[in-house]
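Here the protein sequences come in this chain order: F and H.
Going by the numbering used here, the final residue of the first sequence carries number 290, and the count climbs one at a time with no gaps.
Going by the numbering used here, the final residue of the second sequence carries number 254, and the count climbs one at a time with no gaps.
No wet-lab data here; the hints were simulated from the structure.
Please note: incorrect hints may appear among the correct ones.
[To be verified] Quick list of in silico lysine-lysine cross-link-like pairs, DSSO-like style, CA-CA up to 30 angstroms:
1) F/Lys182 <-> F/Lys133
2) H/Lys158 <-> F/Lys258
3) H/Lys11 <-> F/Lys259
4) H/Lys110 <-> H/Lys11
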Amino acid sequence: MSKSAILSSSIAKKYWMAITGLFLCLFLVGHLLGNLQLIFKTGEEGRRAFNEYAYFMTHNIFIKVLSYATYISILFHSADGLMLAIQNKKARPVNYVYNNPSANSSAASRKMAVLGSAILIFIVLHMANFWWKMKYSSDPMPIHTYVVSSTDQTGQPKTDTLYYTHTPSLQPIPTNPMIVVKNGTELYFKDVNVKVGDAYKDLHKIVMAFFGKSVNGAPTNEYALFAVILYVLAMAVLSFHLIHGFSSAFQTLGLNHKKYTPSIQVFGKIFAIIVPAGFAIIPVLIFLSR
Amino acid sequence: MASKFINISLKVWRQKNANAKGAIETYKLDNVSTDSSFLEMMDQLNEQLINERKEPVAFDHDCREGICGSCSMYINGRAHGPETGTTTCQLHMRSFNDGDTVYVEPWRAKAFPVIKDLVVDRSAFDRIQQAGGFVSVNTSGRTMDANATPIPKDDADKAFEAAACIGCGACVATCKNSSAMLFVGAKVSQYALLPQGKVEAKDRVLNMVRQMDEEGFGNCTNTGACEVECPKGISLENIARMNREFLKAALSAE
Numbered sequence: 001m002s003k004s005a006i007l008s009s010s011i012a013k014k015y016w017m018a019i020t021g022l023f024l025c026l027f028l029v030g031h032l033l034g035n036l037q038l039i040f041k042t043g044e045e046g047r048r049a050f051n052e053y054a055y056f057m058t059h060n061i062f063i064k065v066l067s068y069a070t071y072i073s074i075l076f077h078s079a080d081g082l083m084l085a086i087q088n089k090k091a092r093p094v095n096y097v098y099n100n101p102s103a104n105s106s107a108a109s110r111k112m113a114v115l116g117s118a119i120l121i122f123i124v125l126h127m128a129n130f131w132w133k134m135k136y137s138s139d140p141m142p143i144h145t146y147v148v149s150s151t152d153q154t155g156q157p158k159t160d161t162l163y164y165t166h167t168p169s170l171q172p173i174p175t176n177p178m179i180v181v182k183n184g185t186e187l188y189f190k191d192v193n194v195k196v197g198d199a200y201k202d203l204h205k206i207v208m209a210f211f212g213k214s215v216n217g218a219p220t221n222e223y224a225l226f227a228v229i230l231y232v233l234a235m236a237v238l239s240f241h242l243i244h245g246f247s248s249a250f251q252t253l254g255l256n257h258k259k260y261t262p263s264i265q266v267f268g269k270i271f272a273i274i275v276p277a278g279f280a281i282i283p284v285l286i287f288l289s290r
Numbered sequence: 001m002a003s004k005f006i007n008i009s010l011k012v013w014r015q016k017n018a019n020a021k022g023a024i025e026t027y028k029l030d031n032v033s034t035d036s037s038f039l040e041m042m043d044q045l046n047e048q049l050i051n052e053r054k055e056p057v058a059f060d061h062d063c064r065e066g067i068c069g070s071c072s073m074y075i076n077g078r079a080h081g082p083e084t085g086t087t088t089c090q091l092h093m094r095s096f097n098d099g100d101t102v103y104v105e106p107w108r109a110k111a112f113p114v115i116k117d118l119v120v121d122r123s124a125f126d127r128i129q130q131a132g133g134f135v136s137v138n139t140s141g142r143t144m145d146a147n148a149t150p151i152p153k154d155d156a157d158k159a160f161e162a163a164a165c166i167g168c169g170a171c172v173a174t175c176k177n178s179s180a181m182l183f184v185g186a187k188v189s190q191y192a193l194l195p196q197g198k199v200e201a202k203d204r205v206l207n208m209v210r211q212m213d214e215e216g217f218g219n220c221t222n223t224g225a226c227e228v229e230c231p232k233g234i235s236l237e238n239i240a241r242m243n244r245e246f247l248k249a250a251l252s253a254e
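Using the sequences and the accompanying hints, generate a full structural model.
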């Protein structure tokens with residue numbers, strides 16, 4: 001009895017929704033803090049900080065565990081949510097001819113499945129645009145290079161384009177035909193096949209280009225305005241989903257208490273506005289500063 | 001307040017029997033006293049229908065004082081009509097205006113099939129209640145002195161508030177998922193809070209929730225509509241308590 005109850009009963013399904021939902025709220029905070037580097041640090045410094053951060057997020061073992069927990073949560077939250085929505089539809093085979101649900105409940109609370117589905121579509125597009133490119137795309141990612149100005153022996157100004165590397169190399173590695181890139185980021189001497197360093201993938205450039213800002217004259221996404229609008233809309237949908245979802249998760253977990261519930265509800269509303277707004281401001285600022 | 005008479009247009013769900021396909025029928029009803037209750041207005045409609053040699057509208061009613069939970073009507077898109085904290089029998093025609101169109105439909109849920117017109121079969125609630133089982137602690141015969149079992153006043157009050165549930169089904173009717181969580185939450189809470197009810201607390205919550213799922217009620221989305229429409233003001237706290245009791249029981253029951 002108890003075994004099947006914890007897996008299949010209506011309340012257990014809601015428990016899983018609440019637990020995965022709250023975990024995804026934590027993920028949102030982490031993701032937002034990482035993304036905010038895109039606007040708080042500018043220029044070459046910001047680019048380095050963001051690409052180092054992207055490298056850390058794809059190579060740290062602890063982050064890997066968290067990222068798999070996030071993937072599983074997204075999949076489980078979606079599948080469980082779909083299952084609940086289907087059951088809920090079946091529970092009322094004949095609808096009311098005349099119904100007035102806005103008299104007793106908020107629109108966000110009644111549209112969780114629709115809002116959630118829209119968010120899932122956004123996540124798929126979002127991951128195709130950035131995550132897939134960073135991790136799996138067969139197109140080689142752009143490599144982080146930067147330009148330094150100096151003077152040569154004759155006193156003439158000259159510029160060098162160098163790779164930004166993370167494994168210690170004896171001296172800066174210039175971009176020239178002598179150096180070839182293998183396996184995405186490994187730098188080799190072409191003739192002797194000796195590895196001289198590891199470069200960073202330039203996710204920063206991809207993000208900037210996607211939202212319309214050119215870095216060092218690189219080509220940008222011609223539909224950048226469309227991408228920005230869609231991103232902001234998706235964050236509005238996320239906001240509505242969270243406005244109900246955050247405090248609802250606590251109620252489902254049985255955490256309803258006269259002393260704490262009002263604070264949880266207020267915090268949930270603030271969270272539901274601040275976090276999506278924080279995400280939405282990033283592409284807007286990138287687009288405006290193009 | 002001086003009584004007035006109003007003329008209304010009624011759109012009532014008519015369905016011959018459980019298997020028939022129902023439809024909304026429109027009736028004009030004149031000279032309805034604003035002092036009459038909604039059920040008295042329905043009686044007036046039925047008298048008119050009988051005089052016209054038509055089949056009267058079947059609807060459930062019993063006590064007509066707000067405690068039996070029989071008068072299940074979905075009026076103008078809301079369970080028990082536009083007022084909160086009332087059953088249909090406590091709803092008066094003064095809540096409507098002259099010339100209003102009033103929709104009257106039965107509760108809509110897979111677990112509450114329509115028997116005829118506005119009458120639905122709510123025996124699913126009885127089966128959930130039965131699945132909860134008995135309280136084995138003797139409360140009659142050679143009983144202990146009541147004061148020998150200390151119960152905090154707060155707990156007693158909360159149990160009493162939960163026990164105020166009349167099983168009318170408004171929570172199911174108004175829930176977008178036809179979920180019975182408020183009803184089951186109240187029935188679990190009224191025992192779980194008291195020492196006599198703690199003896200069978202684990203089995204009770206597991207069995208009642210299992211029966212609730214088997215009856216085909218939907219899941220809870222915490223929209224809070226049930227709490228608003230409940231004629232007895234049963235709080236969502238009871239659903240949270242059921243969820244806690246359920247987790248405790250599901251993890252520890254053998």
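Evaluation of the provided hints:
Of the supplied pair hints, the one linking F/Lys182 and F/Lys133 holds, its CA atoms being roughly 17 angstroms apart against a limit of 30 angstroms. This hinted pair checks out: H/Lys158 and F/Lys258 have alpha carbons roughly 13 angstroms apart, not beyond 30 angstroms. Of the pairs offered as hints, the one joining H/Lys11 and F/Lys259 is violated, with about 45 angstroms between alpha carbons and a cut-off of 30 angstroms exceeded. Restraint check for H/Lys110 and H/Lys11: satisfied, since their Cα atoms lie roughly 22 angstroms apart, inside the 30 angstroms limit.
This entry does not satisfy hint 3, going by the numbered hints stated previously; all others are met.
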